[in-house]
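Chemist: If you follow the hints, you should be able to join the two separate chains into one complex; please do so.
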Amino acid sequence: MLTYALRRLMMLPIVLFALSLMIFALQMSLSPTQRLAAYAPSPDYLKGGQESIRRMIEQYGLNDPFYIQYGRWIGGVLTGNLGWSETARQPVSTALMSLFPATVELVVLAFIPCLLIAIFLGSRAGIHLNRWPDHLIRIFTILGWSFPVYVFGLLMLLVFYSALDWFPPGRLSQWAQTTVSSGDFVRYTGANTVDALLNGNLAIFWDSLRHLAAPVITLTYVNVASMTRVMRTSMLETLRQDYVRTARAKGLPRRVVELKHARRNALLPVATIAGMELAVMMGGVVITETIFDYAGLGQFAAKTAANLDFPAVLGFGLYFAVVLVLMNLIVDLIYPLLDPRVKTQ
Amino acid sequence: MKLALALAVGMGLAVAAAPAMAETKNPGTFVFMWTDDIQSFDPAYIANTPSSYGALNIYSRLLNFNGSKISEFVPSLSTEVPSLENGLIKQGDDGSVSYTFPIRKGVFAHKVGVKGADGKVSWEYYDKLTDAQKATIEPGYGQITPEDVRYSLLRAILQGQSWMSNAITEVITAGKYTDIAKWVETEGKVKTFAEASPETLRKVYDQLSEQIVVDGDNVTLKLPKSFPATLGVIALPFGTSILDKEWVASVGGWDGSGDTWKAHYRPELGANPLFAEENGTGPFMLEEWDRTDRRITLKRFDNYFQGPAKLERVVMRTVPEWTTRRLQLLSGDADFVTAPVEFIDELSKTDGVKVIDGLQKVFSRGIFFAWPLDDNDNPAIGSGKLDGQGIPPDFFADIDVRKGFNYAQNYDALINQVLLGKTVQSRGPTVRGIMGYRADSPVYSYDPAKAEEHFRKAFGGKLWDTGFTFTAYVTEGYPQLTAALSALQMGLSRINPKFKMQIQALPWASVSDKLNNREKPAAPLTVMGWGPDYSDPGGPLGAASYYLSPTGLVGGMVGQGYRDLMAEKFKPLLDEAWASSDPAVREPIYAKLQEMSYDYATTQFLWEDFGYVVTRSNIDGYVDNMILYGAWDFYPVTKANN
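Protein chains in written order, with my numbering: chain A, 1 to 345; chain B, 1 to 642.
Looking at chain B on its own, in the form it has when it is part of the complex (with noise of 0.2 Å):
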């Protein structure tokens, strides 16, 4: 009896266990576990990453990159890439220049307006119409037209939420304001975007529609002066995502009148009302956003005007904990998962699982010195004297502390323990495939010597002396991060016992905190990283300016001092750069300022981040394309059965 009753228990285990196995899970559907969430699906609303996903997907741009390149375009809702060549980029007298856009017909939003029996419009999905009711398709509702892709732009512009929306502001004004309550608050001559009147409202919305004309079946950008990144930030897939106006006026949006645009800036998250709804052209809808089970499913547009997806649904769901997702791999229950890479080795040679690696990322890390310090009550520089106890506000101000500490760094221990050697060490501010890297450029080592020589130098000579004690800042939850705050802690006190750093990780909040919205920094050393959001290294959000202009994102962070150096030294450069359209001139320049990143060690450039993709084996068409860092486009992926 116990032996049939044993046989009957390993049976059932057997049967059970035997269909995880035996075949592909959910047929068609790609389900996607990630760590991130979705922020809004209003593509002007967006900026980050994970966020991007859903504007890829749903909605079209005028231009999408070619493939994984970061610099070539392919035409999209636009039917050409506008070029010198073929006339659509056009330079004035005055040195304006005009970017055209011939805007391609018969492309319909996922939901079109329908006329009704009682002259009432309707909006119905696109691909539940029968032939006869798509001839009752109201014109223009659900159709995308050219007045749609201005109304696109303006909306995105006005609505001033998102720093990649507003990369469209200082496109259109070729860098001269920001965002569009910077070009209010000059225009109107108030101090808050609040304080302005409706005329100066009117104005600047005029000001703006001067500049974003449809000319017939064309959409053209009208700029005072050369913006080279204009293409790259066109094909973003944020704010110049394409929306069709009747629809996002018929659910509670701006209407796109110049005189109600004030009550749709910057909008609460929850009261947008693109907020959870989409009516994009892209080849996925938005078929439920469950926020509850954190799960959004995206189902294919069969009338997409570039022909359906393979994939039919798109499951995404935030799975916070890696065991879960890892056994949900295995098991066949999960496409893709995000992993700790400390994993992917093993899940390399995991049968039914692939690995795609060593992904480059345009995301560079780097440790950044801060200079003059906030003094009033700050921990993190002790005695705020150079006694051994502290440090003095203006520590990182001499370029002989700053050159010590760079070779006090042991990068080639970071990147080859810590990082597997899958990547390679940062050379500046431009990293691999963007304009002014060079690979022969100077980076520092880990040099003992080296070190000693600056810091013996450093203060007069007082610095070797008395010695340093401060605290160094990383955020929580970055391993690796603190190991190159270790690398270097472990460097600096081999080099002088007498130097110490203290490590402390800090919830970002509070690292933030120490770095922004206050007259002086309070962190005097700070781990971080960020990269570009367009392939162009100059303009507001490129490589080279977030790093060495002064009124630049890292120069924003890291005090006066290195904004003075970064003004005194390295603006007029980028300022050149700029200036000039032709890549022949301007390679050069930003290959001096990465050079000159070094000579004045502006940061301690670490290394170029780098990425990699864990699926079920019978997935493909992955198109990894680095200035969209890493984003999935679900369109040409294909889910084989097995």
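With the rest of the complex left out, here is chain A (with noise of 0.2 Å):
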């Protein structure tokens, strides 16, 4: 098993490598004046004319060929330096791990009930066909599948914001910030959550949850539309399988089959691309981020984008695809404990 990982990891600086090229090489394809985008981003700062802009190219080297550029970027990354982000206005590095907690903070508060409702809910589908749960769940998983997450997004804040004033967008009231603003509150993690409990602050925990309440609640529901469906499918597939026959025709109660031998297999698929999705999560869910004003990796990733913040495109590229290949390793472990088999192969 641990070679296994570690063959794995040992693949990681290859997929990097090839994936900067990649990032690298599209990003040469556009003219230095194109590329300089990041550095003036608006007419305004044309204002300097054709001899400033001449000046900015030089002063960033936008016009070196691509392995010396490659090689500046490289001989950056490894000293621990990924570049200078224009658009957060850090190193991409303190960017990335600045807000890489509040994404996680927010994927894990809305994968661990997506994951759940999703493995509940398609359980009792499959163990109900056709019958009302299966309708209902069904109803429900569908609804969830074709709400775009915008509206869904809006909704909510119209309903638990606006109407309600439950659950304001950002990660922290005015006063909450002041506070945590101030030398004693301690950031640990950058968890405002955590932290807050950490600091024995429930004044401020309460309100980083009703802060985080819409848009995981917009999260867990989009997502575990797709979970559940998975799920359900499995779930009858294995229900039609020859050992859980057997194991009715044995005596066993009905509860101990569905649950303890058809439930734990029908689970592969589903860690398979629960996987994949908490993956996706983690590089950040631009739009629910973007509606809830949460500053998170998705937000700063579409904006990096936009912006053509090459060295923050390449850094978040690096860690997204350090988020993936993690990912798959993680599902590849789980598989053992939920099947043996795969541990015999």
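The hints are simulated quantities; they were obtained by calculation from the structure and are not laboratory data.
Be a bit skeptical, because a hint or two may be false.
In silico EDC-like pairs for lysine to aspartate or glutamate, Cα to Cα no more than 20 Å straight-line [as the list claims (entries may be wrong)]:
1. B:Lys25 with A:Asp134
2. B:Lys69 with B:Asp624
3. A:Lys303 with B:Asp290
To be clear about the criterion: a stretch of chain A counts as covered by chain B if any three or more of its residues have a C-beta under 8 Å from a C-beta of chain B, and this derived list gives those stretches [unchecked claim]:
4. 91-103
5. 106-113
In silico contact screen, one side only, chain B against chain A (beta carbon under 7 Å); selected entries [claimed, not checked]:
6. Asn48
7. Gly270
8. Arg291
9. Asp293
10. Thr324
11. Ser445
12. Ala509
13. Ser512
14. Asp513
15. Asn516
16. Lys520
17. Leu553
Note that the Cβ used here is the ideal one computed from N, Cα and C, for glycine as well.
Modeler: So this is what it looks like as structure tokens:
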């Protein structure tokens, strides 16, 4: 198992190198003036005239050949410097590290209920095939699937913020932000809920939860649909297996057959899709973060791409590749726990 | 049971909803939600309007604009506004001009240097010092002196980073050099700044420092000749913001020496020590800049030399999504939001919301003709010939083509339908409020008959028969500019169905690429907008120069043909106007230039931009100054408690 994991992890540098080359090549297909947009994001910046443009291109080495620019960048990466993000106004690595806890906080809080609900609903739907629980769950998932996230998100805002003032956007209220920014509040992790608990400040904890509620509900609902459908299908397939029939014939209680024998095996495809969904969510949930004014990796990634902020695009690309590889690895490692046959293979 | 539950839920909802409507949220704190961002807090680094919010509120300048007046100034760190009458502007026999600024005494920065028992100076917040501690402030450490003023101006010039700081270079050299690099390259006879020797750098520094001198309590700028926009540049919230020399040096910035300035020339944004730190003398201090959360918190400086601001704090948050900003405004979590124009009528009718509408801007929009065009694999010009399938590279060199295009635009429809009648048609480079603007100067109007007349004359009559096809460009995300191109497209096709103009919206980077840093422009027609950076129409950053100088901003982008026309017809008049400091002499010349821009159809001038401000109704005190592009000076702003 360990050898397998190490072998997979050794692939990581190759993946990252190939990815960085691809993104860099893409970047170099643009002219130096186009790439200057990262440093001169609006026409305002051209008021210095053509001379100023020439000087800026020179200053940032945008006219240098591919290998020099790539060498400069990779040299920085090897010393832990991913470059400067004009979009975030800070080093790329600092931006990624400071946004990461916010995204993790949001994603974890959304993903856990999402997974549990999907497993529960998918199992119920499979067990009660073509009966009213199945119909209800199907309607629920179809709605979730067909609801565009921005529509659902806006609906959440309108109801729970505008009408009820329960779940405001952003990460903290102004009073809470002032407290958190003061020297008395220690930032341990960057995740507000965790830091509030570690500081013993329940008011901040509660305020943070209020701000997380709407994006978490949105993400959960939108993502639970696909996982529920996979779980349902997988459950149906498993329930038709011979060993399930045998278990029933042996006289085992229905509940034991369904939940212990069938559901465990039905989890395999769910584990795969859940792993992928988690990885994608860790890459940032652009629309949710934008609608709820939640400063996370998704907004950052979208903005850097729009601004042609290539150091940040490259940095984010590397981060996302690492997340994907790690998530795949984790899913692979979970398989044997769910199905011992995988281990022997 | 069910009924009781429903009642409980209903009451809960009512209770939860009530606080949002009942009371002022965040009293004393002005929550400002915009879509922009500040690039840096170093006033010498920045150049665009959003970034000016930092310098405007954190630093002080020698002079301020007088409220919303763009050509009137009031004292700030200078106790007087120089003028010929008070003798602070002097004209030499050799044509040189000097401006003297008497520097206010007793002004302290947000942080001051306090000498400890160990003899070391530590920087402490002035607001937190007791009277006893104030007695231990090291002289000059945080106390603004004439030397600090001189240092600040030198630093902005020598940093050479932004065109707004470079404007000070142009003031000091009376327009001879556009930036310090040009000065060094000329002086050292080298191609690039990097090649200049230490001796050259020192020589340039010495020349420069002889032109900005401290004389007792005064600082004097010595200009080789008249530069009429001098005070307008001095009052702008950019490189002319005053820093404390000792503090800048203490945080790793330039120490003021003529031998070390090269190391601080064009610094990398993040490596600049003043990027996220400040020590200004303005009404607010930078309390926090959370770049992850895109939030800037400014805290009131209680010892501001003009008295403390009314607001305790200003929180500036970047919130890109309009619906989110809107809901936060309505709930009172935001006190100001940037809003799309199509919502301002609705917002003005909303309880608790105030809209200040119809604010004038110096910014004008236009469609820019370019010639000669890049004919090397340029899809925008089709076949590259006058055969109906494209246009020749010199298409817009023909004045009848340009005039035909200008008569084919439906300006009234644009202003009334697209811009909701909130502004006026632009009459040329200079807009209302700028010298040379006359309300009765000629403008084009939609006139298909006249357009046809000119198109029939163009290219010896051939154009009318062959027609044309080309692509016009607009930057993505500007529906009003796209509408301007659509109106023109429609006008052209109605005049002659063979006139085909395609419209392509591109990201700014791609539009810029088609116009900049190339021998010939690739975009035949581009809709854009520019505004001057000071109220004077002349000088390198003035409205007339931007549009009509062969070395101006527009000229740099739209091709040699345009530049040649400007050099031949417009430059002599621009020079003549700039040489005089008498408004009575200058005004008719700029008015003439305005008319000439009509006669030569240099650009299709569309409309003057307009501004509006959307706040909660308990917010007062906003002062709109159009040369500051509506930037918020938070000092006079108040937030009443409901």
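Chemist: Are Asn516 of chain B and chain A close enough, Cβ to Cβ, to be under 7 Å, as the hint says?
Modeler: Status holds, d = 5 Å.
Chemist: Can we keep the Thr324 of chain B interface hint, with Cβ of chain A closer than 7 Å?
Modeler: At about 5 Å, which falls below the 7 Å cut-off, the nearest Cβ of chain A leaves the hint on Thr324 of chain B intact, so it holds.
Chemist: Using a Cβ cutoff of 8 Å, are there at least 3 residues of the stretch 91-103 of chain A near chain B, or does the coverage claim fail?
Modeler: holds (count 5)
Chemist: Given a cut of 7 Å on the nearest C-beta pair, is the interface hint for Ala509 of chain B held or broken against chain A?
Modeler: 3 Å, holds
Chemist: Given Gly270 of chain B was flagged as interface, is its beta-carbon under 7 Å from a beta-carbon of chain A?
Modeler: Hint on Gly270 of chain B: holds, closest Cβ of chain A at ~5 Å, below 7 Å.
Chemist: Would the hint on Arg291 of chain B stand, with a C-beta cut-off of 7 Å toward chain A?
Modeler: 5 Å, holds
Chemist: For the hint on Lys520 of chain B, just tell me whether its beta-carbon gets within less than 7 Å of chain A.
Modeler: Violated: closest Cβ of chain A sits about 13 Å from Lys520 of chain B, beyond 7 Å.
Chemist: Going by Cβ atoms only, is Asn48 of chain B closer than 7 Å to chain A?
Modeler: 4 Å, holds
Chemist: Using 7 Å as the Cβ threshold, decide whether Ser445 of chain B counts as touching chain A.
Modeler: Check failed: Cβ of Ser445 of chain B comes no nearer than 27 Å to chain A, outside 7 Å.
Chemist: When you check the alpha-carbon spacing of Lys69 of chain B and Asp624 of chain B, does it fall within 20 Å?
Modeler: Holds, because 9 Å separates the two Cα atoms, which is no more than 20 Å.
Chemist: Quick check on the hint: Asp293 of chain B CB to chain A CB, less than 7 Å?
Modeler: Constraint on Asp293 of chain B satisfied, holds at 5 Å.
Chemist: Less than 7 Å between beta-carbons is the criterion; does Leu553 of chain B satisfy it with respect to chain A?
Modeler: 6 Å, holds
This entry does not satisfy hints 1, 5, 11 and 16, going by the numbered hints stated previously.
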